Amino acid sequence: MTTAPQAATAAEVTEIDTSARWPLLLLLGSALLWLVLSGILALVNLVQLHTPELLAGCSAMTYGRSSAIQETAFIYGWAANSGLAVALWLLARLGGAPLRSLNWVVAGTLFWNFALVLGIAGIATGDMTSNAWLHLPAYVLPMLLVAYGTIAVPGVLAWTGRRKEMTFAAQWYAVAALFLFPWLFSIAQMMLVFAPERGVLQALVAGWFVQGAWTLWLAPLALAAAYYLVPKITGRVIPSYDFAQLSFWTLLFVGAWTGGRHLIGGPVPAWVATIAVVSCALLLFHYIVVAVNLRGVFCGGGSTVLKFVAFGLVAYVAGGFLDAYTAMRGVAVHTQFTHFSEGQSQLALNGAFSMLMYGAIYFLAPRITGLAWPSVPLIRAHYAAALTGTIVLVVTLIGAGCVQGHDLNTASIPFADIAGHVRPWLLAATAGQAILLLGNLLLATHLFWLAAAKSAAPAVFDPAPAMEASVS
Amino acid sequence: MKNGFTFFLGLFLAVALAWAGIVMGSHVQLGHLAPYFDENEGKAFPERMPGIAAQGQLVYQDLGCAACHTQQVRRPDFGSDKARGWGDRQSVARDYVNQAHVQLGESRVGPDLATFGARPLAVDASRLIQYLYEQHGGMPAYRFLFEERKITGERSANALKAAAPAGYEIIPSHRAVALVAYLQSLNNVYEYPEARPVEPAAAKEGESK
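These protein sequence lines map, in sequence, to chains A and B.
When we follow our numbering, the leftmost residue of the first sequence carries the number 1, and every step to the right adds one.
When we follow our numbering, the leftmost residue of the second sequence carries the number 1, and every step to the right adds one.
For the record, the hints were derived by calculation from the structure and aren't laboratory data.
Please read all numbers here as calculations on a predicted model, not as lab measurements.
Keep in mind that the hints are not guaranteed to be accurate.
Claimed, not checked - Simulated DEER-style distance windows between Cβ atoms:
#: 1; chain 1: B; residue 1: G25; chain 2: A; residue 2: E53; range: 41 to 47 Å
#: 2; chain 1: A; residue 1: I288; chain 2: B; residue 2: D88; range: 42 to 48 Å
#: 3; chain 1: A; residue 1: L110; chain 2: B; residue 2: S126; range: 48 to 54 Å
#: 4; chain 1: A; residue 1: A138; chain 2: B; residue 2: G25; range: 24 to 30 Å
#: 5; chain 1: B; residue 1: G4; chain 2: A; residue 2: T410; range: 53 to 59 Å
#: 6; chain 1: B; residue 1: G153; chain 2: A; residue 2: T51; range: 38 to 44 Å
Don't be surprised by glycine CBs; every beta carbon is placed ideally from N, CA and C.
Required output: the full structure, derived from the provided sequences and hints.
What follows is the structure in structure tokens.
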């Protein structure tokens with residue numbers, strides 16, 4: 001009875017996985033520390049929204065600064081570190097060879113996180129810039145750019161040196177994310193920080209960058225994970241795979257044009273907003289293809305990894321449709337400037353991106369360490385917390401946004417009364433964020449437990465499905 | 001996807017096209033936008049902000065005020081910005097041409113501030129300073145912008161009417177003064193030629209009847 005799983009283990013965990021163990025664990029460990037930090041700050045921010053006196057006397061924790069730190073920690077801390085770890089591992093596996101130049105990953109990760117600590121200390125002490133998703137002070141930006149390039153080197157080598165000419169959707173998305181972020185990031189640095197544009201052009205560059213960072217960087221990282229995990233775990237071929245390529249290029253070419261939807265009604269050329277509205281509708285094609293391609297995720301049986309992926313995909317596709325809906329001017333007039341937008345961004349970041357990353361982490365960590373997760377109940381508890389927390393957070397923020405949007409547009413309601421009307425929703429959102437944070441603490445603890453375990457039971461994997469043969 | 005070069009070119013174009021379209025496209029349209037010189041008034045609008053207000057803009061930026069306040073008035077028939085007294089006309093690109101750090105903002109937890117300096121609340125600087133010291137509705141108190149100082153001789157003229165230990169007074173820091181100067185400088189209500197949407201004539205006639 002025991003020989004079969006062990007044989008499967010040997011086939012499942014190879015040199016490709018184990019050789020990258022420590023660099024990838026370093027990336028994932030840093031990612032989870034940032035995730036927990038950003039979760040704590042998100043909780044503080046939500047409390048501050050309904051109870052402004054919390055930490056009001058502390059200049060580093062005033063709402064404007066702590067929300068900027070929270071966003072920075074989430075995007076550049078959690079999302080960048082975890083996304084890179086997953087992308088590198090996917091490219092190694094699909095490229096069919098162990099990652100080369102792993103020292104670069106270690107050095108890059110250390111520099112990236114060092115620069116980030118420095119930048120966040122800068123935000124806390126008054127060096128914040130005013131650009132969304134780019135609050136980091138000027139002095140750490142070049143270091144972040146170089147560090148990112150350094151971490152990405154083995155991924156690029158795995159792509160160019162791949163054993164097979166044929167490529168997979170997961171590879172396109174991962175490679176796109178590796179290449180596109182440095183371009184976006186360097187242009188944004190130049191045009192917003194070092195040689196800033198004048199007047200409202202700053203807002204246009206910032207809108208383009210924020211949308212680009214989502215559609216050309218974070219979304220591809222998350223989709224790379226989904227396009228790898230779903231066929232791999234279910235053992236089924238991706239249906240309508242021919243469309244995947246068209247969907248990929250749609251995301252890349254149309255995605256960044258949708259940034260102007262946040263500027264509807266603003267002091268910018270009206271065509272920017274109009275193009276964004278049209279692009280949001282065009283992008284629905286991409287979301288539909290993703291849904292069609294990866295619908296097999298619901299046939300995953302008992303796989304916990306697939307449960308995370310399924311939730312992430314539903315959130316991703318729902319988020320896309322919600323973006324298109326709220327981009328319409330008649331809707332935007334109610335939802336813009338409210339908690340509704342925050343709910344949408346939480347749906348994308350916590351619902352889609354993070355869930356897909358959790359799934360990928362649960363899948364890859366036992367493979368790179370060769371050890372099984374120490375506790376299955378802990379994984380289930382994390383899933384329950386992440387699911388409940390995200391749903392409560394997103395739904396209540398959207399609810400708060402609807403109330404706020406209605407009140408803002410009804411001039412007879414005094415402005416001072418709006419906070420009171422929104423307060424119950426924000427209290428519920430705080431509870432959602434607390435549950436989410438609890439879940440993320442479980443994941444962080446679990447990963448450090450796994451990394452510290454030296455002689456625990458070796459991982460036993462289900463026999464690899466037939467798909468594996470074509471991959472490794 | 002077999003051809004690595006085509007793939008790479010596609011990635012490059014994906015970034016380049018959106019950048020060229022949105023960023024360079026609006027740059028071509030707005031890059032040369034200059035303040036509007038009004039010969040009757042003998043000066044150009046928007047006016048440059050005073051030095052201390054420019055310092056205050058940096059305080060506004062580093063405290064992250066834009067997390068809760070927008071600085072963009074929407075046109076009268078789009079939302080209730082006008083009805084709330086946030087501005088009679090919509091904000092236009094020319095309003096921002098002199099600003100080194102544009103703070104359009106994306107959230108209205110607090111009111112819009114694009115024309116804050118033109119509102120009655122903003123007339124009295126000492127009242128605004130007091131406002132920053134105390135919590136108002138959803139806005140926290142910014143006590144760290146103030147100093148508690150021992151009174152030597154006379155009470156300072158700029159001391160706040162606030163509870164302080166005996167022998168001490170509360171004095172606004174330079175940052176608080178600059179921030180207030182910045183908020184007061186946000187009073188650009190000048191009617192640019194492009195500042196009103198073209199209203200259909202029929203609708204206007206209907207209103208006047």
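Evaluated hints:
1. Under the hint 41 to 47 Å, the C-beta atoms of G25 (chain B) and E53 (chain A), about 46 Å apart, fit the expected range.
2. The hinted range of 42 to 48 Å is satisfied by I288 (chain A) and D88 (chain B), whose Cβ atoms lie roughly 44 Å apart.
3. Between L110 (chain A) and S126 (chain B) the beta carbons are some 51 Å apart, a value that agrees with the proposed interval 48 to 54 Å.
4. About 26 Å separates the C-beta atoms of A138 (chain A) and G25 (chain B), a value consistent with the hinted range of 24 to 30 Å.
5. Checked against the given bound of 53 to 59 Å, the beta carbons of G4 (chain B) and T410 (chain A), roughly 57 Å apart, stay inside it.
6. Checking the proposed 38 to 44 Å range against G153 (chain B) and T51 (chain A) shows it holds: the Cβ atoms sit about 40 Å from each other.
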